[in-house]
Amino acid sequence: MNFAVITFPGSNCDMDLYHAIKEGINQEVNLVSYKEKSLEGYDGILIPGGFSYGDYLRSGAIASHAPIIDEVIRLANQGKPVLGICNGFQILTEIGLLPGTLTNNRQNRFICEQVGLTVENNKTLFTSKYDFKEKITIPIAHGEGRYYCDSETLHGLNENNQIVFRYDSDVNGSVDRIAGITNKQKNVLGMMPHPERAIENILGSADGLNLFKSMLETQKSEVQ
Amino acid sequence: MSEPTPIQIKEDKIYKTWGLSEAEYSFISEKILGRLPNYTETGLYSVMWSEHCSYKNSKKVLRKLPNDSSRVLAGPGEDAGIIDIGDDQAVVFKAESHNHPSAVEPYQGAATGVGGIIRDIFSMGATPIALLNSLKFGSLDNNQTKHLVKEVVAGIGGYGNCIGIPTIGGEISFEKCYEKNPLVNAMCIGLLDNTQFKHGQASGNNNLIVYVGSTTGRDGIHGATFASDEFSNKKKKQRSAVQVGNPFIEKLLMDACVEIIQEHSDWILGVQDMGAAGLVSSTAEMASKTKSGLMLNLDNVPQREKGMTAYEMMLSESQERMVLCIKPEFEKNVLNFFDEYNLDAVTIGKVTSDKQYKIFHEGKLVVDIPVDSLTDEVPEYDHHGIKPKRISEDREQFDPQIASFKESWLNVLSSPTIASKRYLYETYDSQVKSNTVVRPGSDAGVVRIRGTKKAIASTNDSNSRYVYVDPYIGGQVTVLEAARNIVSTGGIPVGITDCLNYGNPEDPEIFWELDQSVQGIADVCKHLDVPVISGNVSLYNEFNKEAIYPSPMIGMVGLIEDISNITTSAFKKSGDLIYLLGSTGNDFNGSEIQNQLLGRVEGRLNEIDLNAEKKNQEIVLDAIQKHLIKSCHDLSEGGLVAALSESAFDNNLGFNIQTTLTSKQMFSETQSRYLITVDSKNKESIEDLFNDNFECLGFVTNDSTFSIQTADENLDIELSEALDNWKEAIPCLMN
Amino acid sequence: MILVKVYVMLKDSVVDVQGEAIKDATHTMSYENVSEVRMGKYFEIKFDNNSNDLEKDVDEICDGLLANPNIESYRYEIVGDIQ
Amino acid sequence: MILVKVYVMLKDSVVDVQGEAIKDATHTMSYENVSEVRMGKYFEIKFDNNSNDLEKDVDEICDGLLANPNIESYRYEIVGDIQ
Ligand SMILES: Nc1ncnc2c1ncn2[C@@H]1O[C@H](COP(=O)(O)OP(=O)(O)O)[C@@H](O)[C@H]1O
Ligand SMILES: [Mg+2]
Numbered sequence: 001m002n003f004a005v006i007t008f009p010g011s012n013c014d015m016d017l018y019h020a021i022k023e024g025i026n027q028e029v030n031l032v033s034y035k036e037k038s039l040e041g042y043d044g045i046l047i048p049g050g051f052s053y054g055d056y057l058r059s060g061a062i063a064s065h066a067p068i069i070d071e072v073i074r075l076a077n078q079g080k081p082v083l084g085i086c087n088g089f090q091i092l093t094e095i096g097l098l099p100g101t102l103t104n105n106r107q108n109r110f111i112c113e114q115v116g117l118t119v120e121n122n123k124t125l126f127t128s129k130y131d132f133k134e135k136i137t138i139p140i141a142h143g144e145g146r147y148y149c150d151s152e153t154l155h156g157l158n159e160n161n162q163i164v165f166r167y168d169s170d171v172n173g174s175v176d177r178i179a180g181i182t183n184k185q186k187n188v189l190g191m192m193p194h195p196e197r198a199i200e201n202i203l204g205s206a207d208g209l210n211l212f213k214s215m216l217e218t219q220k221s222e223v224q
Numbered sequence: 001m002s003e004p005t006p007i008q009i010k011e012d013k014i015y016k017t018w019g020l021s022e023a024e025y026s027f028i029s030e031k032i033l034g035r036l037p038n039y040t041e042t043g044l045y046s047v048m049w050s051e052h053c054s055y056k057n058s059k060k061v062l063r064k065l066p067n068d069s070s071r072v073l074a075g076p077g078e079d080a081g082i083i084d085i086g087d088d089q090a091v092v093f094k095a096e097s098h099n100h101p102s103a104v105e106p107y108q109g110a111a112t113g114v115g116g117i118i119r120d121i122f123s124m125g126a127t128p129i130a131l132l133n134s135l136k137f138g139s140l141d142n143n144q145t146k147h148l149v150k151e152v153v154a155g156i157g158g159y160g161n162c163i164g165i166p167t168i169g170g171e172i173s174f175e176k177c178y179e180k181n182p183l184v185n186a187m188c189i190g191l192l193d194n195t196q197f198k199h200g201q202a203s204g205n206n207n208l209i210v211y212v213g214s215t216t217g218r219d220g221i222h223g224a225t226f227a228s229d230e231f232s233n234k235k236k237k238q239r240s241a242v243q244v245g246n247p248f249i250e251k252l253l254m255d256a257c258v259e260i261i262q263e264h265s266d267w268i269l270g271v272q273d274m275g276a277a278g279l280v281s282s283t284a285e286m287a288s289k290t291k292s293g294l295m296l297n298l299d300n301v302p303q304r305e306k307g308m309t310a311y312e313m314m315l316s317e318s319q320e321r322m323v324l325c326i327k328p329e330f331e332k333n334v335l336n337f338f339d340e341y342n343l344d345a346v347t348i349g350k351v352t353s354d355k356q357y358k359i360f361h362e363g364k365l366v367v368d369i370p371v372d373s374l375t376d377e378v379p380e381y382d383h384h385g386i387k388p389k390r391i392s393e394d395r396e397q398f399d400p401q402i403a404s405f406k407e408s409w410l411n412v413l414s415s416p417t418i419a420s421k422r423y424l425y426e427t428y429d430s431q432v433k434s435n436t437v438v439r440p441g442s443d444a445g446v447v448r449i450r451g452t453k454k455a456i457a458s459t460n461d462s463n464s465r466y467v468y469v470d471p472y473i474g475g476q477v478t479v480l481e482a483a484r485n486i487v488s489t490g491g492i493p494v495g496i497t498d499c500l501n502y503g504n505p506e507d508p509e510i511f512w513e514l515d516q517s518v519q520g521i522a523d524v525c526k527h528l529d530v531p532v533i534s535g536n537v538s539l540y541n542e543f544n545k546e547a548i549y550p551s552p553m554i555g556m557v558g559l560i561e562d563i564s565n566i567t568t569s570a571f572k573k574s575g576d577l578i579y580l581l582g583s584t585g586n587d588f589n590g591s592e593i594q595n596q597l598l599g600r601v602e603g604r605l606n607e608i609d610l611n612a613e614k615k616n617q618e619i620v621l622d623a624i625q626k627h628l629i630k631s632c633h634d635l636s637e638g639g640l641v642a643a644l645s646e647s648a649f650d651n652n653l654g655f656n657i658q659t660t661l662t663s664k665q666m667f668s669e670t671q672s673r674y675l676i677t678v679d680s681k682n683k684e685s686i687e688d689l690f691n692d693n694f695e696c697l698g699f700v701t702n703d704s705t706f707s708i709q710t711a712d713e714n715l716d717i718e719l720s721e722a723l724d725n726w727k728e729a730i731p732c733l734m735n
Numbered sequence: 001m002i003l004v005k006v007y008v009m010l011k012d013s014v015v016d017v018q019g020e021a022i023k024d025a026t027h028t029m030s031y032e033n034v035s036e037v038r039m040g041k042y043f044e045i046k047f048d049n050n051s052n053d054l055e056k057d058v059d060e061i062c063d064g065l066l067a068n069p070n071i072e073s074y075r076y077e078i079v080g081d082i083q
Numbered sequence: 001m002i003l004v005k006v007y008v009m010l011k012d013s014v015v016d017v018q019g020e021a022i023k024d025a026t027h028t029m030s031y032e033n034v035s036e037v038r039m040g041k042y043f044e045i046k047f048d049n050n051s052n053d054l055e056k057d058v059d060e061i062c063d064g065l066l067a068n069p070n071i072e073s074y075r076y077e078i079v080g081d082i083q
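Residue numbers (my numbering), protein chains in the order written: chain A, 1 to 224; chain B, 1 to 735; chain C, 1 to 83; chain D, 1 to 83.
One thing to keep in mind: the hints can contain errors.
Straight-line C-alpha distance at most 20 Å; calculated EDC-like pairs for lysine to aspartate or glutamate [to be verified]:
id: 1; chain 1: D; residue 1: 41; chain 2: D; residue 2: 12
id: 2; chain 1: D; residue 1: 5; chain 2: C; residue 2: 72
id: 3; chain 1: C; residue 1: 23; chain 2: B; residue 2: 151
id: 4; chain 1: A; residue 1: 213; chain 2: A; residue 2: 144
id: 5; chain 1: D; residue 1: 23; chain 2: C; residue 2: 20
id: 6; chain 1: C; residue 1: 23; chain 2: D; residue 2: 12
id: 7; chain 1: C; residue 1: 46; chain 2: D; residue 2: 16
id: 8; chain 1: D; residue 1: 41; chain 2: C; residue 2: 77
id: 9; chain 1: B; residue 1: 146; chain 2: D; residue 2: 63
id: 10; chain 1: B; residue 1: 453; chain 2: B; residue 2: 562
id: 11; chain 1: D; residue 1: 41; chain 2: C; residue 2: 48
id: 12; chain 1: C; residue 1: 41; chain 2: D; residue 2: 20
id: 13; chain 1: C; residue 1: 5; chain 2: D; residue 2: 57
id: 14; chain 1: C; residue 1: 41; chain 2: D; residue 2: 24
id: 15; chain 1: C; residue 1: 41; chain 2: D; residue 2: 77
id: 16; chain 1: D; residue 1: 23; chain 2: C; residue 2: 63
Quick look at which bits of chain B chain A covers, simulated, 3 or more residues with Cβ under 8 Å [stated by the list, open to error]:
id: 17; stretch: 160-173
id: 18; stretch: 424-434
No lab work stands behind these hints, which were simulated from the structure alone.
Quantities reported herein were computed from a predicted structural model and do not represent experimental measurements.
Using N, Cα and C, we set each Cβ at its ideal position, and we do this for glycine too.
Take these sequences, add in the hints, and give me the full structure.
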């Protein structure tokens, strides 16, 4: 499987994601600049965490106008897997691939800690290797991670099983303790916690590894 | 408004308001120039000859510090020192203080402190891998201090989180003397391949000087002299010295500089960051190191404001700027290279052979002075020290009268200096880059080096109470505590950077504190064979003539040869045996318990047996390498009471101990001790290693209780009660 | 040159955590009579020359960039020619 | 109830990096005629009842809290009674 990690000026978890693919699941991966206009040949698109454009205006707002974005939207609409982590999640909501918005944590401070999550849907291409309701530990590191959407949208998310990860406790004031959601088609996942920082026990947890393994396994089964 | 003429500067003694003394001024005009310096030139001398840039008051003292070992590739003198860690790799590290800017403007002061120290590291071509910080504030009992804490912590996090370098450790303490003069020290560690090492130098006639990064504005003018000046209520106008940091630009600058040094070393001869005293300091240092001259044309400098004078441009401390010395044939390549990163790069001058520093502005030659005179001809002052009266002669120890053992235990845990700082450091991204193995909360922070079995441990320590009561021994303790933090984690101490924070050195008592404590640091460094490879001096930390405690901060780096040796302070499982390595005496002077019971610290410290200290370090490292140890925590402030509790909290475990020590001695802060847990099956092997110098205190439990039996009483404390006191103290005080 | 002033505020349904923190801080400053603070963004945008349909342009810039319609609303004033 | 509207802007001497990035983004959205964007903060503060010296109170809140006098300047309007 060949992955693209999209880098914007100010992305800072791009190499973490790169290593997660290279060392975690042993697949091809390239860093692709925000200036590019084509993602031809890639089977998976990864949007990393960090502070694209210094989080100016709103996190993700300026990145959403970068040249590469049209292509990301095109591939997402084709059904290719697209994963946005942290700042990547913020960008995916800004460009409308995912509903809702991420805004300031309830505590109004940046928080970096290990948090407990529950896998709420293991029937997606990102979570097939997890058990339903599995408890996992993944770190968060964000200042604007409070997920917000209106009640109608929330209703839709629940109806369509789009909520994939929930925090076990109220870590940042997110609606319904939402930590990660997919689009309706379930090929686009956005999540605030960092699975790419949790792929080796020495770093405190390896619970994030199954997310990348799930993507790989799904792709293999589709190819067959 | 026109600038004062040279005559006016002399007659109205304008130079004095910039910090130049009369003697210095006449030396410049009579001995160096043979004429009166103009306004811009006087400005250049005043910043370059300030303590902050020249170390004129502290150089003599700094020479005491050993700066060599078999691992040192570069010592003080460069932007940062370099230590060989084998396999063709090296670590580069340095600490920097940003005390005065943070007092005036806490968020930006702290943020630009972090930004500045990061530039020192990547200007060496090293990739920054970790940040640490040491913070000191007044007591947390008033809104002003709370505001300072909140803003400083936010500034540190704001910069480090955005640029994407993990903050892996630090320390925070609270003491009345820092109320108006907080200390903000930041440290950065970078990783380097030896061969890529770039000196910050400008050499070779006609080589070009290139400016890269943010535009130059009027911010921070005279920041360097400001940092070397005492504070008082009157100087409100110092507000103009504020610099604003932009971590986003710095990230671009960092990535670009590391890449150009590593990939295109044939294009460039030197790289230097613009820190204190901006353009003048960076370019003059570059030139003087190679005995060349330099010509700059200020009209080419990217400017943010209209009508800036030469004086303003040369002294501006606008952030996120670098200078490079490059070969002329690669000018286009270099400028295009930075353009790809959306960074402004322009050629502003060239290297000359006449050893003169020549600045042109609007077509006119506005500065024409010998380069050397800015950097090498600075007078060096030899101050005279007098022992302060408060420092007594006898070493009789304070005798703590402990009314309630339990109450005192809980009070120690909730004392802001000992209580958990998590509420503050959890706002720092400690994990970005996915290399952090030990996050803040244990003894030293640890990052592994990807692709190798190695890891780097680092800690920031300073116990200014000890230095205050006994500068020489206090200085020793500071290094020893740092070393124990490294050793507890499984690391071998390999090098030190420091920030020496003191009051006005022209006061003989303060100079004595500086001199004695540096002597203590130096003696321990020599004994442990740990060199001081970089550092920073911050003097004049006073407010309305009240000096801070003498506060040397030690940033130590340790090498962990194999990541399987990494050890943390947390108890791991019930049933494990708890050992105290090292003997406990009555050491109460300068301690937490003395401060709590007396409301102040006093009395001399007991002398330290450096051989015993070194031996215990070796024993711990040996035991760790033999994988006999489950957890290890060094003892420092709060003695056994703090160490036992902290080790229990992380995994919500209890303990059951029975000791020959008295309840009082549980609070004693004797040096050279470690709290260690061991699987019971290893009892014999570990006791062999410990060789008599230990006490087996008891064992770890999972019944959520601390059960303590001392020589004089029994005590049970609920884990939850102890934890609450420790964990909630700081959030409670902050809100 | 035309100056446009844009105001972006969180919708009432979204908790304004910054506004709340500021309100609390005014109380510690002992301005107990502050009953609400809401924090928004303010922009001054200069347009070189009038476009065919300035209002449409400004609406698009606000919708597409300055405000996030999920959580924010905006209003603006066209101040007119400023020389 | 009294409503006060406060505007906080960076001083001219401080680069408005956000404003510049926003300007660039409007250009990629092909509004080439945007020549300058400056970004500031906007606050709506409600006071329960009039104080003796509302202007003094607002000034103190602005100086001590809403604006960072080192790098920002502010202005405000007292909108008056809003029931
Ligand atoms: N400003 C800070 N930044 C990051 N980590 C901090 C800070 N202050 C304290 N810590 C962390 O909290 C833990 C306890 O600190 P401290 O009590 O100073 O340890 P020690 O006494 O072992 O030196 C350490 O892991 C330290 O790194
Ligand atoms: Mg320790």
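Given the hinted pair residue 213/A and residue 144/A, is their alpha-carbon gap at most 20 Å? Given pair residue 213/A, residue 144/A is violated - Cα atoms ~28 Å apart, limit 20 Å.
Need the status of pair residue 5/D, residue 72/C: alpha-carbon distance at most 20 Å? At roughly 18 Å apart (the allowed maximum being 20 Å), residue 72/C and residue 5/D satisfy the hint.
For the pair supplied as a hint, residue 41/C and residue 20/D, is the alpha-carbon distance within the 20 Å limit? With a Cα-Cα distance of about 15 Å, the restraint between residue 41/C and residue 20/D holds, given a limit of 20 Å.
Taken at face value, is the distance from the CA of residue 77/C to the CA of residue 41/D at most 20 Å? Roughly 16 Å separates the two Cα atoms, so the pair holds.
Going straight from one Cα to the other, do residue 46/C and residue 16/D come out at no more than 20 Å? holds (14 Å)
Regarding the pair residue 41/D and residue 12/D, is the alpha-carbon distance no greater than 20 Å? holds (15 Å)
Does the stretch 160-173 of chain B contain three or more residues whose Cβ lies closer than 8 Å to a Cβ of chain A? Our answer is that it holds, as 4 residues pass the Cβ test (under 8 Å) against chain A, meeting three.
Would you mind confirming whether the straight-line C-alpha gap from residue 41/C to residue 77/D stays at or under 20 Å? holds (16 Å)
Mind checking the alpha carbons of residue 23/D and residue 20/C for me, to see if they're no more than 20 Å apart? Distance ~30 Å between residue 23/D and residue 20/C Cα, so the pair is violated.
Given the hinted pair residue 453/B and residue 562/B, is their alpha-carbon gap at most 20 Å? Roughly 5 Å separates the two Cα atoms, so the pair holds.
Has the given pair, residue 23/C with residue 12/D, been kept, meaning a C-alpha gap of at most 20 Å? violated (28 Å)
Please verify whether residue 23/D and residue 63/C have alpha carbons no more than 20 Å apart. holds (15 Å)
Figure legend: structure checked against the earlier numbered hints; hints not met, in rising order: 4, 5, 6, 11 and 13.
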